[in-house]
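Engineer: So the chains spell out like this:
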Amino acid sequence: EVQLLESGGGLVQPGGSLRLSCVASGFTFSTYAMSWVRQAPGKGLEWVSAISGTGEAIYSYADSVRGRFTISRDNSKNTLHLQMSGLRVEDTAIYFCAKAAGTFYFGSGTSWGQGTLVTVSS
Amino acid sequence: SALTQPASVSGSPGQSITISCTGTSSDIGYYNYVSWYQQRPGKAPTLMIYDVTNRPSRVSNRFSGSKSGNTASLTISGLQAEDEADYYCSSYTGSSTSVFGGGTKLTVL
Numbered sequence: 001e002v003q004l005l006e007s008g009g010g011l012v013q014p015g016g017s018l019r020l021s022c023v024a025s026g027f028t029f030s031t032y033a034m035s036w037v038r039q040a041p042g043k044g045l046e047w048v049s050a051i052s053g054t055g056e057a058i059y060s061y062a063d064s065v066r067g068r069f070t071i072s073r074d075n076s077k078n079t080l081h082l083q084m085s086g087l088r089v090e091d092t093a094i095y096f097c098a099k100a101a102g103t104f105y106f107g108s109g110t111s112w113g114q115g116t117l118v119t120v121s122s
Numbered sequence: 001s002a003l004t005q006p007a008s009v010s011g012s013p014g015q016s017i018t019i020s021c022t023g024t025s026s027d028i029g030y031y032n033y034v035s036w037y038q039q040r041p042g043k044a045p046t047l048m049i050y051d052v053t054n055r056p057s058r059v060s061n062r063f064s065g066s067k068s069g070n071t072a073s074l075t076i077s078g079l080q081a082e083d084e085a086d087y088y089c090s091s092y093t094g095s096s097t098s099v100f101g102g103g104t105k106l107t108v109l
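Heads up: the sequence lines are chains C and W, in that order. Mapping to our numbering: the first sequence position 89 is 89, numbers consecutive. Mapping to our numbering: the second sequence position 76 is 76, numbers consecutive.
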């Protein structure tokens, strides 16, 4: 059974940094693309970032986070990360990690974690 | 830009409903990578349809997807109370990026 467990969320001041992690199990982590999707309180889903699976990594970011967020993966630890810096109030959201359908990201999330809440406030 | 979905739809048990998702010739109109997700309150989204028309094995065949031009659609037939949830569409937009719709709240009357 695929399981994804996010952690690292919390309260941070504007301009601060936070690192999210997503530990995966139940599948061969290294061979699948992964993504981060967020959901502001009471709002819809917003795609944030994606990283490809095995091989030379392909990274992609939403315009709203490009230059501030960095996605990475540690295949030896079956873990996906999202390093967030220059955080803004509008980054406040639940952050979900999702497993893609294959090695490359084509937009689908076949399995999702339960999310971790990031609150940016002074 | 986000894909366009109706804010809400409703139907009675046993009826069929369709949720539309309108994009552009750069996303839905260009790629056959449209997905639909169901999200219940306080829960993570779950995949219902992928690649426009494909359904994961665990998903009921009452759910079906289609696409015409720049608009994708999710149809739920034989509506059940348990189908009440928020539904989101998403489309691949090239270069390993994607975009979601604003979401549609389905109410089963």
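Everything labelled a hint here was simulated from the structure, so no lab data went into it. Keep in mind the model is a prediction, meaning the values are calculated, not measured. Glycine is no exception: its CB is placed at the ideal position from the N, C-alpha and C atoms. Just to be clear, a hint being listed does not mean it is correct.
[Stated by the list, open to error] Derived EDC-like pairs (lysine to aspartate or glutamate); straight-line CA-CA distance at most 20 Å:
| hint | chain 1 | residue 1 | chain 2 | residue 2 |
| --- | --- | --- | --- | --- |
| 1 | C | Lys43 | C | Glu1 |
| 2 | C | Lys43 | W | Asp86 |
| 3 | W | Lys43 | C | Glu46 |
[Stated by the list, open to error] Here are the computed distance ranges between Cβ atoms for each label pair:
| hint | chain 1 | residue 1 | chain 2 | residue 2 | range |
| --- | --- | --- | --- | --- | --- |
| 4 | C | Ser17 | W | Ser8 | 32 to 40 Å |
| 5 | W | Gly29 | C | Gly102 | 19 to 27 Å |
| 6 | W | Ser95 | C | Thr28 | 45 to 53 Å |
| 7 | W | Ser26 | C | Gly26 | 29 to 37 Å |
| 8 | C | Arg88 | W | Gly29 | 38 to 46 Å |
| 9 | C | Lys43 | W | Pro56 | 38 to 46 Å |
| 10 | C | Leu117 | W | Gly14 | 36 to 44 Å |
| 11 | C | Ile58 | W | Ser60 | 28 to 36 Å |
| 12 | W | Ser60 | C | Gln13 | 23 to 31 Å |
| 13 | W | Ser66 | C | Glu1 | 24 to 32 Å |
| 14 | C | Gly42 | W | Ala81 | 20 to 28 Å |
[Unchecked claim] Some chain W residues near chain C, calculated using beta-carbon distances under 7 Å:
| hint | residue |
| --- | --- |
| 15 | Pro45 |
| 16 | Tyr88 |
| 17 | Tyr92 |
Engineer: Evaluate each hint against the coordinates.
Structural biologist: Checked hints:
The suggested pairing of lysine 43 (chain C) with glutamate 1 (chain C) is violated, with an alpha-carbon distance near 29 Å, which exceeds 20 Å. In summary, the hint linking lysine 43 (chain C) to aspartate 86 (chain W) is supported, as the alpha carbons are separated by about 11 Å, within the 20 Å threshold. Between lysine 43 (chain W) and glutamate 46 (chain C) the CA atoms are separated by roughly 16 Å; this keeps the pair inside 20 Å, and the hint holds. Between serine 17 (chain C) and serine 8 (chain W) the Cβ separation comes to about 38 Å, which falls inside the hinted range of 32 to 40 Å.
Judged by the Cβ atoms, the range 19 to 27 Å given for glycine 29 (chain W) and glycine 102 (chain C) holds: they are separated by roughly 23 Å. Against the hinted window of 45 to 53 Å, the Cβ-Cβ separation of serine 95 (chain W) and threonine 28 (chain C) comes to about 25 Å, which falls outside the hint. For serine 26 (chain W) paired with glycine 26 (chain C), a C-beta distance near 35 Å keeps the hint of 29 to 37 Å intact. Range check, arginine 88 (chain C) to glycine 29 (chain W): Cβ separation about 32 Å, and the 38 to 46 Å hint is violated.
Taking the beta carbon of each, lysine 43 (chain C) and proline 56 (chain W) are about 26 Å apart, not inside 38 to 46 Å as hinted. Checked against the hint of 36 to 44 Å, the pair leucine 117 (chain C) and glycine 14 (chain W) passes, with Cβ atoms roughly 38 Å apart. Separation of isoleucine 58 (chain C) from serine 60 (chain W) is about 34 Å and conforms to the stated range, judged on CB atoms against 28 to 36 Å. In this structure the hint that serine 60 (chain W) and glutamine 13 (chain C) lie 23 to 31 Å apart at CB is violated, the actual value being about 46 Å.
One distance hint, 24 to 32 Å for the beta-carbon pair serine 66 (chain W) and glutamate 1 (chain C), holds here, with the actual separation near 30 Å. A C-beta distance of roughly 23 Å is found between glycine 42 (chain C) and alanine 81 (chain W), which places it inside the suggested range of 20 to 28 Å. Against a cut-off of 7 Å between C-beta atoms, the interface hint on proline 45 (chain W) holds, since the closest Cβ of chain C lies about 6 Å away. A distance limit of 7 Å between C-beta atoms decides the matter here; for tyrosine 88 (chain W) the minimum to chain C is near 5 Å, and the interface restraint holds.
Taking 7 Å as the C-beta cut-off, the interface hint given for tyrosine 92 (chain W) holds, the closest approach to chain C being about 4 Å.
The structure fails hints 1, 6, 8, 9, 12 (numbered hints given earlier, in ascending order).
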